[in-house]
Structures are given as C-alpha cells and as structure tokens.
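Please model the entire structure based on the sequences and the hints provided.
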Amino acid sequence: MDNPTETNTAFPDENGRFGEFGGRYVAETLMPPILELEKAYEEAKADPTFQEELDYFLTHYVGRPSPLYFAERLTEDTGGAKIYFKRDELNHTGAHKINNCMGQLLLAKRMGKKRIIAETGAGQHGVATATVAARLGMECIVYMGAVDIVRQKPNVFRMRLLGAEVRAVHSGTATLKDAMNEALRDWVTNVGDTFYCIGTVAGPHPYPAMVRDFQAVIGREAKQQILEAEGRLPDAAVACIGGGSNAMGLFHEFVPHKEVRLIGVEAAGKGVKSGLHAASLTGGTPGILHGNRTYLLQDEHGQIADAHSISAGLDYPGIGPEHSYLHDIGRAEYVSATDDEALHWFQTCARLEGILPALEPSHALPRTVDLAKELGKDGLIIMNMCGRGDKDVFTIADALGEHISEGTEG
Amino acid sequence: MTHRIDQTFAARKAKGQAAFVAYMMAGDPDRTVSQAFLNALPEAGVDIIELGMPFTDPMADGPVIENAGIRARESGTTLTSILEMAAEFRKTNDTTPIIVMGYANPLHHMGYAKFTAAAKAAGVDGAIIVDLPPEEDSELRTAFETHDLALIRLATPTTDAERLPKVVAGTKGFVYYVSMTGITGASFAQAGSVTEQVTRVRAASNLPVVVGFGVKTPERAREVAKDADGVVVGTAIVKTLHEDGPDAALALIRTLAEAVHTPRGG
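Protein sequence lines correspond, in order, to chains A and B. With the first letter of the first sequence counted as 1, position 196 gets the number 196 in the working numbering; the numbers rise by one all the way through. With the first letter of the second sequence counted as 1, position 195 gets the number 1195 in the working numbering; the numbers rise by one all the way through.
If you are wondering where the hints come from, they were derived from the structure by calculation, not from laboratory data. Just to be clear, a hint being listed does not mean it is correct.
As the list claims (entries may be wrong) - Which chain A residues face chain B? A few, computed with CB under 8 Å, are given here: (1) Tyr25; (2) Met31; (3) Thr59; (4) His60; (5) Gly287; (6) Leu356.
It should be emphasised that the depicted structure is a prediction, and the values quoted were computed from it without experimental measurement. For glycine and all other residues, C-beta sits at the position ideal for the given N, C-alpha and C.
Structure representation (structure tokens):
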C-alpha cells in the first residue's frame, strides 16, 4: 500500500493555519501536549516502521482497500453521469472512521499513552475507537451526548461490548459539540497519560491535518481505482460533511487536480431557511470553537447556535478548517440536503442498490443525483459511501412512522 | 488600565499581604442582582474583580460556572450588557480593577478592536481569554496594548521551563497561575506544589503571580496567600450566590478576604 500520510498541498502552515482558518485555540494547559503530539506525529510520519504497521492493520484488520463500485441501477434510474460509490461502509466497524482511529491509536501506542478518550456523535467514531483500543489493549472512554445516546442505541451497546466506558454528556445541547467539550475537559484534567482521539478534521492543530492524512487513503485508492475502471479522473467527488473527515479523506488526493469538482454536502435539517440545520458553510460565519477558527453556526452575540439534523453524525455547528479554506478560495463547492431528502434517498438506495447507507452519506445522494443529471451521460462521479445504515434503522423507522422496537424514542 | 492593577498589588504588598481576586459571572441570575453584587464586592474585601463572560461552550469550566453562564445568557447577558455593568460600577469606584474573563468567540464576533475600545471606555482594566494561548493572542494583545489594557496570560503545571518565559513575556498586569491541570471547581492541588510553582513562575517574570483553580475555603486561601501575590476564588462564590443568595456569598467573600489578607510576616 502507498504512503498514507504523504501530503500533496502546502497546508496547513507551521501554525496550523489553512489560510485564515485553523490554529490552536486551546487553554494553556493543553498547549504543551498539543505541541508534543505534533512533534510525535511528524516523527511517526517520517518513520517507515510506523507506516508499515499502519499499512498492515489497514489491510488485514480494517479490510482496505475498499471497493470502488459502479452503482449501475442508480445510474440507470437517474439517466445521467456514471455514479461510483467508494465503499468505505464495508470497512471493519462499518464506516470510514476506523482509518483515522487506527492511525491515531498506533501513534498513541508509540507515545506510550494507554488511556484513550474520544467524543462521538452518531457513535461510529466511538465504536471505531473502542474497537482499535480493544485490539491494542488500551483503556477507552467515549463521551457522547445524552440525546445521541438515545438515537444511536445500537452503537452505545457495541461500544460497551468492546470494553469501552460510554459517558453520557447532559450539558448544553447534549449532542456532539457537548461531547467534544467534555472530552476536552477530561484531557485538560488527565493530560499526562491520556491521548485524545478526535474523530474529525477539526480541533486544534495538528488534528485537522493529521486526521485528513489518515483519511486520505480513501482518495488515493479511489483515484487509482477510477483510473483502472474508467481510464480517467472523475468529473466530481461528492461527500457528506459534518466535521468533514470523510470528505477531506476523499478530496485530498484530488485537490491538485483542478478539473475534478469537489462537492461537500452539509445537513440542512428542516431547511437552511428554517434555522434548524447543521450547514456551517451554507448558513454560518467564521468564529472560534473547539480549538480552531472556522465557519460556525452562531448568533449575533457570538454564542454557538444549536445544530439540527436527523443524522447525529452531521449534527455539529462547525466544520473542519480546511473545508472553510477550500470554500473561501473556491476550490470546493458546498451544498446541502434536508432530513427529508436524506430519508428519501436512503430508501431509494436500499431498493436500487441493495445498500443501506448511513443517514450521513444519505445526504450526499440527492446532490450526487442532481449532479449526475447536470453532467449528462458522459459524466463521471465518485460519491463516498462513508458508512452503513444498520445503526440508523430505529431512527428511520421512527421517521417513517413504523415501530420496530420498544424505546426508540427520539 | 494597568495602573489600577499595579497600584492594587503595590498597596497589598506594602502591608505584607496578598490580594484577593473574586470571580463572578456577569448577569447571573439577572442584571439587577448581578450589578448590586458587583458593586458590593470591594467593601467585602475584594481587591480585583474577575467578571465572567458567559459562553455556550466553556470547555475549561466545571458545571458550577457552566450553569451560571447558562443562567446569565438566559437573563439576556451579552458583551454589551457586561460592559454596561462595568461602566455602572465605575461611577462609584475608580480604584478596583475589573478583569473580564471568558472565551474568544464572542470577542472575535464583535471584533477585537471594537471590543477593546468598548472595554476601555467602560473602565475595564484587562482580560483573561482562556482559549487564546500565546500562539493565538497577538491580534487582541496588539489592540489591548494600544489602549493600555492588560491581556493576562495563564501559566499552568504543564507550562514547562522552556515555554514559561514565552508565556510570561507577553503578559501584562499579573500572571494567572492555574494551580492544577483540570477545570474550574475541581478538587485542590497539593499544598506543596503551589509553593514550588509560584516560585518558578515568579522567577521567570517580574509580575505578581496570582493563583487560581481549586481554592474554595478560607483555610486553603490563607495557605496559598503565603506564597502567591494574589488568590482567586471563583466556583465557591458562584455556587454560594446561586444556592444561598447575595448576602451569604458576600459573607463568604469577607471570610475569604480576611484569610487572604492575613499578613505573611508572622
């Protein structure tokens, strides 16, 4: 396998900035550990034995490379460009999240840290962290908003089966952002022995760059696979965005290829105009939260606004700083999809392709289909199918008015 | 203004005493009660006031201060109303320094230059912005220096010998030493470690060293005051104000102030 941490752009700079975004906005207590992490990561990146170990696990434990699959019936149904799915939902644990966890926890092992903490929204990052922590013999504590615990019960139970302790977070909106606050509080308290495994391309430097690098395997494989299948680069790469790790993972390899359009799909919840959404780029302004300067949902006083999405994994009022940068320089396009659209395309994908997508990539489907129509039959699109929908069946049943189990409120 | 801060420490030092720094959340539980409480602090023995600015995501605070922030926001507290409170206080007090304390985003959203000018006009003396480490504070610091306001930096147990000079180099007024790794309102640091650490921070800086985080009782305050130039109490005051009302909180403050002001000589 090729080098998973090779970079192909100059960003971030030495201060962790992507243009005017990113940075290290943390309490002084966390500055030394963040600088220590940056140094350890740079050393690991340059060490072939670290790369070999990571490659071994990605191949034999995660199950990489994931297939690039021609979604033939969806393509026929749409009557436009050829649609390919990058099938990261086939990874061990059912989403792209494990690519990053594998990298970070091997780094934690190298740094001698045995206590792992993580935040989770949909539970996919929590499950992936718990999984890798179990495999590497590490203690694992996952912070999860109390609201998300209700809507993602299967993942909560999976984490516990894997030996992780799931701590419910009741403060604030009791969702992903509050879980991240609580994980940061844990880290500031237990800074000596603890490694904070952030699940997305946000947080203080070096996290946005490091998580991107560990996820960039998605785009590297996809590029090679599309060249083999079609003999050319795609016209567009499409991915859903909460914090934006699966999108950055797919986009990174294609950033230098200007002919490839990069399209991120944010969660519009009940509609961007309703105010009940999670579309930070579409409906937000630059601000400072969770260690980085980026686009945020906030009110006129600079207080963070509540995000709304049927998908717990997209229910976050910020976005990774590199996306803010790609947005402002016009290299990537950011659009949105509503809860209703995601529900509709979840069902369509299930029936046409026999794939239950997670609610997160279900948001990418309607914009992929729109684009396929726009490009016409000569077009070529790769969409990141970043997670599988098994975890969402209770939420979807509720939304469709069906009762398949007790206690599926929310 | 830094001269109010300097004069406060000089006056206490001349008496062989440490300064007592009290934290309160602006606007908790509402503007009226909070203003009256703020105005009463100097007479109860408070030398320097830390005026908390609420934020939705206070990642360095424990539940007591987070909940106070929620109450303050629900009562309509904004940066503007906080600065109005400071200006109101200044009508009757021109000596007690007010340091506003909070997180970067509300200031960033208002604009650092605009906030700085407004804070200066309101009679604020300085600020502690928890999530602006030295690496990220240059824009606000430049604005503050233009207006002779003190941007006070934090030193912590993780700030090692290599980093400490860099941290204290850009700070004004005093250095705030966070006496433990953790969030506000957590349990005490070990007694011995504060002595050692205050000595370490003082050696690196010519500024007064104020110790905060984990000081809740008069006994602990008296002990910390033996080493530090100032002692901060926050959570215990916020908690008492919320649970038992302003009179009880002011009574606690008098006890704490007396403990902090115990002359060191003997």
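task: Please name the hints from earlier in the document that this structure breaks, with their numbers sorted from lowest to highest.
output: Violated: hints 3, 4 and 6.
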